[in-house]
Every structure is written in C-alpha cells, then in structure tokens.
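Enquirer: So the chains spell out like this:
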Amino acid sequence: MQIRKMLALAALAVFGLTNSAGAADAVKIANVIELSGGGATVGTNWRDAVELAAKQINEKGGILGRQIEVTHYDTQSNPGISKAQVTKALDGEPYVILGPIYSSSTKVNMVEAQRAGVPQIVGSEAAEITKKGNPTLFRTSFGQDASMPKIANYIRDGVKAKSVAVIWVNNAFGKGGRDTVVKELEARGIKVAVDISTEVQQVDFAAEVAQAKNSGADLLFPYLHEEESARLLRELKKQGFDKPIVGETTITNAKVIQLAGDAANGVRAHVGLSPDAPSPLIKKMVQDFEAAYGRKPDHNGLKGYIAVHMVKAVTEKMGKFDQQNFAKTLHGMTITTKDEPGVLMDVTFDDKGDPDRESFLVEVVDGKEKITTVLPPLGR
Amino acid sequence: MTRWLLPAAVLAVLIALPHGLKSYGIYLLSLWAVYAMAAMGLNLTLGYAGQVSLAQAAFLGIGAYVSALLTVNGVSFWLALPLAGLVCFAVGILLGFPALRVQHHYLAFVTLGFNALVFLVLRNEEWLTGGTYGVEGIPRPSLLGLPTQSPIGFYYLSLGFLVVLSFALYALLRSPWGRAFAALRENPTRAESLGVDIRAYTLLAFAIGSGVGGLAGAFYAPLVEFIDPTPFDLGTSLALLLMVVVGGSGYFAGPFLGAALVMLLPEWLRFSESLYLLLYALLVMVLMATCPSGLLGLWAQARERLSRRRPPPPVLETRT
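As given, the protein sequences belong to chains A and B, one line each in that order. When the count follows our numbering, it moves up by one through the first sequence with no breaks and lands on 380 for the last residue. When the count follows our numbering, it moves up by one through the second sequence with no breaks and lands on 1320 for the last residue.
What the hints contain is simulated information worked out from the structure, not anything from laboratory work. None of the values given here were measured: they were computed from a predicted structure. Heads up, a few of these hints could be off.
[What the hints assert, rightly or not] With the C-beta cut set under 8 Å, the calculated list includes, among others, these residues of chain A facing chain B:
id : residue
1  : G80
2  : V108
3  : N170
Ideal placement from N, C-alpha and C gives every residue a C-beta, glycine not left out.
Next up, chain A with everything else stripped away, as it sits in the complex:
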C-alpha cells in the first residue's frame, strides 16, 4: 500500500513537473516588422536573424530553461498597420516586443507598448524616438544623434570637405537624419551647398544628381532607404559624379551593394554594425546565417540577432522573467561579449535606451564592404 502510494505520488510529481515544464512554457516574443512594402528587404533580414537567434538559444536550453517562441507580425511598412499589429501582438501578452525598423512606424506604435508596460526593442534610428521619454523602449543600433557627429567629424578631418550636398528621403527617418547631420556639419563650419529632399520608393534620381553635381559641393551625403540608395548610386555613376560619397550605414548595406553593382565602389560610410566587421563573433554569426538562409545578412540582420540576445542577457541578469524590471535593469547596463556572445560587440545602454559601442568607417572596394577604421564608443 505504502509503496503503491509512493509510486502514485512520484508519478504525479513527474507528470506535474513535465506538464508544467511543457506548458510553462515558452517565452513569447512578438516580432512586429516590415515583411512587405518598401521595408521588406530590411525587415526580412531582421526576421531571419531573430529566428536564427531564437533557434540557437533554444538549442542551448532557452532562456533560464524556457524556450523562446517568436511570432511575426507584418507591418506592411505602413505606420497605421504597424500600430494595429502592435495592438494585436499585445493581445497575445508577449514578454518583449521586437521591431519595427521604420522610424515612422515606431513613432506610431511605441505608445501602445509603453501603455501596456511591455519592453520594446526597435531597429529604428530616427533621433527623436528615444527623446520622448518612453521608459520601455530600446534600440539595437545607434540613433542619428550618435552616428551623425561621427560622420561630421570624418567629413571635416578625414575628407576635409568644405561644402556638402545632402540628399535625403523625406520621412521620419530621412528628415531626422537630415536635420541632425546639417546641424552637426554647420557646427563644424561646413557649408551645406544643396539640400535635396526625395520621396520614399522614388525611382528616378536624374534631377537630384544633376542638382548635386551643379552645386559644386566637395562631397555628397546621401541618406535614403536601401533600394533608393542603390538607384541613386547607379544614377551618380551614370552622370559621372566624381566627388566623394560619404553616407551613414544604409549606403554601404549589402543589399545596396548588390543592387548598385559597380556603382557602389568607392562609397564610404560610417556604420554602427557591419557584417564585415573584424570580429570572430560577427563572422560566426554571418556564417550561421549564410548556412541557414543561403545569403549574407545586412546590418539589420545583426540588429535583430542582437535584440534577441539582449532579451536573454537582461533576463539572465535578473534571474527571472520580470517584465516590470526589464527596462530598469537594461538602462545603464553593459553587456559584454564574454557574458553574452550573442550581442556580438560589447555594448552599454544609457538611461534613454540608446546603445553605445564601437563603430566603423568602411569603404566599398570591388563590391565588398571593407573596414578602414574602428571608432571607439562615444562614452557619453
């Protein structure tokens, strides 16, 4: 009798344990991202890298023993739909929301996540996003406030240009970048020779290139999305533009280089994250990505990969899944690659949710992004 009772208890305990481990369950991560529309290129990279990171973490036992379950929500690169999708994601009570990348979408939907108290890790770079005092928002890459001063320094000290032609895309991302870079350039006594606004998904850049050429500027600073960047570079080559082209991140993106072909050679840029960075961890991540998807990730892939590992690092530091304290823990936190190799580079988050880490100056040589200089963290 005694033995039977004990057996029954043991069976119950085992059943109960496995049951709770099975249903307790995966950690829900909602990924609200651009999978169609103008941002499909960047969003797909991000999504695939998020999937890859989740798979790798799950294979090693998950976060604190719990598996990660990622659900993707397509924003169609449309701010209104992104708001609806974040609302939908929140209905599923996720632990963290990842994405979106397009700044105009983030601006619309970040309020929802904030209201629900769910941490959100975005790939957006518009300066204003982290200036709104949202306590639960973080980004994986530099905001324009961090990257543009580095560019402006390089334009002054590296290229020694006196006047710059700025071509930008007129949306939250482009306007934010344009306003920040113009401010930084003027503060360094560099003249903006011509200031040209373009449209999202613009196809023809003939007039803009002619305008930039005629302005007599020493240098061209383009700030557009990926596909438009490639079209601009092709037009610049066609019209024989012979001044240096120095941009920020997107202009030397792998997709841009692929689409622009020869026209991308010689283009220089400051990049926060690069799949070509001289780091064994990044090389390993790029290899794994290529093995899984048959193509090289761009910097958006790196951003997505880092985002998932940020969730892991913070949760492990807290020792439990504590949504309330997630943001509080991540503010001011330094994540080293020694503790969490998945963050790819040592990174520190400030109290506004902005990251600080090393960055790179790159140049496209023979259709490949080549790192020329490694810049130290700002250490703000």
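Knowing the structure of chain A, use the given hints to seat chain B on it.
Expert: Frame of chain A, contents of chain B only:
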C-alpha cells in the same frame, strides 16, 4: 417596417461584437467605422453623382489635421468635428468649382493631382502640420462626461457617429436633392432638360462627399492618436475607391460592406503568412472581374434571377 430589420440586426451585432474581441479586434472595428464614413462620402460623389474622385484621402487628411491641431491646442473635439467637416466642404467647393468642368477619368486625374498637393502641403508646411514629424498626443474626446480612452469607448463613439451620419445621408438621398444626384448619374441630359442644374448639383454632391470625408478624418486623428502625412496619400484614396466599388457603388450599404472587406480581408488572410497580400490582390481581381457592380450588385443580380424576372429598366431612385 421590415426593411429596417436588417440594419437593426447588423447594428445589434456591431454593438455586441467588441465584447468578444481583444483590443486589436476593437481597433480594427473602430478603423472600419472611420473608413466606412469616408467611403460613404465618396459613395455620394461616385455612386450617386457619378464622379470619380481620387482625393478622398486628402479630405480625410484635412479633416484629421484640422481636428488634431485644434484638439491638441485645447479646443473641444465637439467643436473641432463640425469645423473639420466645414473646412472640407469649403475646400470641396473650391476644388470642385474648376475641377468639375471635366468628368470621368479627367476628373480622376485632377483629383489625383489635388491629393498629391495636399500630401505635399501636409509634409512640407512644417510650421503648421509638423511635417514628417506629424502631430502627436492627440487627445480622445469625452461624451457627456464619459471618457473614450478605452478602445471600446472610442469604438462606440465612432459607431454612434456612423449611425447618425448614415441617417443624415439616407435622409439626404431621399430628399429632392438625392433624387437630383441620382438623375445626374443616370442621364445628365435628361436631368438637365427637367430643370436640374447639373453643375450646381454635381458640385454640391462633391462638396458634401468631401465634407463627410473631413468628418471621418476628425475621428481618425483621435483613434490613432498620432498623425503624419503617410496615411493620406494616393494609396488611401485608391483603397477608399476600392471600398466603394467592391461594396457596390451607388448602393447605400456598399461602403459599409466594402470597408469591411478591404480592411478585414488582409487580416483574415494572414494565416497564409508571406502570401497574404498576394491572395488578397487575387481575390479582389476575381471579385471585380466576376461582379463589376460590387458585392451588393451581385446580391441584387442573384435576387433578380431568383424571382426570374427581367431586370427592370434603370429608375431615378435611391437604391437601398
């Protein structure tokens, strides 16, 4: 009396529906109510007066900005709402006066140009509209002391206004004005010979349709709580046109059905993951190829076939 049964039943369903839904579902329903208002305005222009307008998103935008800028600066929503409608009505007259000298696809081009113009003004006049940074922190109104911060509260507010607007437009369409609008669409020459001032009535239909677009915009702003120029581009005008045509242009209930289909179909199709937009486009193409008069047109055809009667000749009457 029986003809009110179906609308009453639909309304009862619409009132009960949000209780089974989470905030995402309620948000979609509120968005549906707002787009249905805008599509009703376009239905007046297109379905009743027969004018193809590609500027409805511009009016939605003007209404949204008027309402947003006023309420952000402390003006009551209940004052901003009629103002949004009036401003759009006035702009509709100003645009319609020269534009309605041309018709059909020429008018479509003129209104397309107007939509692009409004988009550029919203984006470039940063001092007024905030440019690409948009207007944020748009407050939600309260009604008789009841706040509408909660998704469900705002949904009932939008639904309530949609009902009021529907009654108003229904009354308009059954008035001599409404008869005159239908006469314009069916046979302008005959209408003119009967003493209907074609130009004045077309202009009136266009301006009222624009004003209704503005009222819809006044609800759009507090629903999303943030506006920038993107949702008011040509794509939205085309989507609104699609709502009217898919639902059944010239049928009173067309915009409700069309807005529901255009808004909800992509959501239902999301199970197909990366294929959902493709499927959506395909379904719309099949629908338009098989029933160019829209879903309600299909329904009317089916009823006629069932009663085995020859379709009656076009009559100068409001189709309900």
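Enquirer: Would you mind marking each hint as holding or not holding in the structure?
Expert: Each hint, compared with the structure:
1. G80: holds, 5 Å
2. V108: V108(A) check passes; min Cβ-Cβ to chain B is 5 Å, inside 8 Å.
3. N170: Result: holds, 6 Å to nearest chain B Cβ.
Hint check: no violations occur; every hint is consistent with the structure.
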